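Chemist: Sequence:
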Amino acid sequence: MRKTDLTYLVEILSKHLKAASVHFRTEELQLCLLSSPTDITALSIVQTYTCLGAKASVFRADYASTIKWGKPFLGQLSHDGKDSFVFVKEITETDAIYYEGRLKRVVSASDFKKEWTGIVVAIDNVKERNQEKKRLKTFIHSSLLLCIVVLLLISPHLSTLASVNCLLDVMGGILCFGVIMQSSSPYYNIFEHFCIANTRLDCQKLDLGRWGVLFRKVNLGRMGFIYFFSCTLATVLAVSSPNPSAIYDWLAITSMGLLLLAVVSISYQLFAKRFCLLCLGIMGILVVNSILAFPVKGIPTSFSLDVGLYFLMVVLASSGLLYMCEYYAGAKQRAFSTRINELRIKRMQSVLGYSFMAKTTLLANEDSIMLGDSEAPLTITTYMSPWCKTCKKVAFEMIELLRKYPDYINWQIYFDGVKATFVNEVNLPQLYLYQYLASGENTNRKLAVLKYWYKKKSIKDLQTKIEMTSKDIEAILERFNNQLDAMADERQVPMVWINNRIFPSCYSLADLPYVLLDLCMIYSQEKKV
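Going by UniProt numbering, the first residue of the sequence shown is number 1, and it counts up by one from there.
Hint data in this document are derived by calculation from the structure and do not stem from the laboratory.
Bear in mind that the values here come from a model prediction, so they are computed numbers and not experimental data.
Among the hints, a few may not be true.
No more than 27 Å apart at the CA atoms, straight line, and that leaves these computed lysine-lysine pairs for DSSO-like [what the hints assert, rightly or not]:
{"no.": "1", "residue 1": "K55", "residue 2": "K89"}
{"no.": "2", "residue 1": "K404", "residue 2": "K346"}
{"no.": "3", "residue 1": "K68", "residue 2": "K89"}
{"no.": "4", "residue 1": "K104", "residue 2": "K15"}
{"no.": "5", "residue 1": "K68", "residue 2": "K55"}
{"no.": "6", "residue 1": "K113", "residue 2": "K15"}
{"no.": "7", "residue 1": "K460", "residue 2": "K527"}
{"no.": "8", "residue 1": "K71", "residue 2": "K89"}
{"no.": "9", "residue 1": "K527", "residue 2": "K457"}
{"no.": "10", "residue 1": "K71", "residue 2": "K18"}
{"no.": "11", "residue 1": "K332", "residue 2": "K15"}
Ranges between beta-carbon positions, derived for each pair [stated by the list, open to error]:
{"no.": "12", "residue 1": "H23", "residue 2": "K389", "range": "43 to 51 Å"}
{"no.": "13", "residue 1": "K465", "residue 2": "V164", "range": "50 to 58 Å"}
{"no.": "14", "residue 1": "G70", "residue 2": "T160", "range": "31 to 39 Å"}
{"no.": "15", "residue 1": "K113", "residue 2": "V149", "range": "26 to 34 Å"}
From the three backbone atoms N, C-alpha and C, an ideal C-beta is built for every residue, glycine too.
Build the full structure now, drawing on both the sequences and the hints.
Modeler: Shown next, in the form of structure tokens:
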């Protein structure tokens, strides 16, 4: 898939998911799309939504019934023999409003009918609450709290002017780190969250164009990162310097000198009518720093060797921090690319069929616990111990899967040590969990208790959550005392089966959302045969 196609699809799918109040991360959405083994179709979009935990469907509809339905959807348009998907926000009897990427279009109903193929991709579990606004408020409040904490920590040792400058430098460094992440990772697009939606907007060209790059190697992010964090270190370390006033004077002169760069950058954006809020934020901080620097009385007449070495030290330290940030961004991108290639192979039909249709089966036992819908197409069986560390990871992954995909997955649990002739501290949690999970309690509550156990592993806390008498324990033991657990001797924990076959070792439970619909199709065909 080309990067332009990916950016377009991420844009329209993000709008659709946000309209349905489905929580997702952009990186996960990109991973689902890029690892798809085929070109993007209506089915692959449904699979992508399924990966993110949203229940979606594809159907063909007419214009009148879609108006009555009244919900946003993805529609397929055909223009000059080429099919493409758009996010249809609203349609009425007179016109239709839809998005092609960031471009908003308002067309007449007749023009929309001419291009619309009738294909609709809809998200079924639409919620009324707007989670996106809540997350934005949380981010703003967290950022403000962080700035206040930093200001309180440094203010006792610095003057008011120096404290404000230091706080602005920290904010500028964070914005520059966003630019570094953008330039280092082609699949990380911070500009989607900071830029104005304009048809002529191209923030990447603005950042990496002739006004944003120095000598074709050092971009705005690198320059700003080194400058802002050098100023931050210099301001904080100047407290212990024998001559802090000279350092503050030279920092002020540097800020005033960069005012020209800020004016040129902002003027260029105004002239080109290409605005990037991230770039404007960086330049705005430079302007404020320069304004605060005007009270400095004249230019320092001397520049001692100590001050020069001091500034060299903070610049080298900032350069080292820049190297670490770029290394982190590069490592993150390499891991992301590796994951895409792995999933692309794992999602191939031939690999799926060969891996998940093995003949090794699981014999049915009486001591199993079923959680979820017994009619679900996929039954995942786990053999675990409540004390096992690796079982904790399996349990957490299964709890998350069952919560996100209740219509697809049924969880069958076997506990090591349930079959025993006596009770001790080792098998007591198994007996309590077996008693509770086998009861008629709500599934979500059962999952919460199971997750709490693996998180705390406290028998006392478990006993407070689960009411169980000695007679209940004796009844469980009497049920199994003639069936001593042979599985504990023959099999190591944890073990996982899917539809009574051993889960392939080349896959993990984390891969399951990406192949969920394909596996349902494979196993349904097996039943027909």
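Chemist: For K68 and K55, compute the direct alpha-carbon distance and say whether it is at most 27 Å.
Modeler: holds, 21 Å
Chemist: Holds or violated: K460 with K527, Cα cutoff 27 Å?
Modeler: violated, 46 Å
Chemist: Given the hint that K113 pairs with K15, test it: the Cα-Cα distance must not exceed 27 Å.
Modeler: holds, 22 Å
Chemist: Lying within 50 to 58 Å: is that true of the beta-carbon distance K465 to V164?
Modeler: Taking Cβ atoms as reference, K465 and V164 lie about 51 Å apart, which means the hint holds.
Chemist: Need the status of pair K71, K89: alpha-carbon distance at most 27 Å?
Modeler: Within the cut-off at roughly 8 Å; holds.
Chemist: Does the Cβ distance between K113 and V149 fall inside 26 to 34 Å?
Modeler: At 57 Å between Cβs, range violated.
Chemist: If you draw a straight line from the CA of K71 to the CA of K18, is it 27 Å or shorter?
Modeler: This hinted pair holds, its Cα atoms lying about 13 Å apart.
Chemist: Is it true that the CA of K404 sits at most 27 Å from the CA of K346?
Modeler: holds, 21 Å
Chemist: Does K15 lie within 27 Å of K332 when you go C-alpha to C-alpha?
Modeler: Cα-Cα ~26 Å, so holds.
Chemist: So if I understand the rule, the pair passes when the alpha-carbon distance is 27 Å or less; does K104 with K15 pass?
Modeler: holds, 12 Å
Chemist: If you draw a straight line from the CA of K55 to the CA of K89, is it 27 Å or shorter?
Modeler: Satisfied, since the Cα-Cα distance of roughly 19 Å is no more than 27 Å.
Chemist: Please check whether G70 and T160 have a Cβ separation lying inside 31 to 39 Å.
Modeler: Violated: the Cβ-Cβ distance is about 56 Å, outside 31 to 39 Å.
Violated hints, in rising order: 7, 9, 12, 14 and 15; the structure is consistent with all others.
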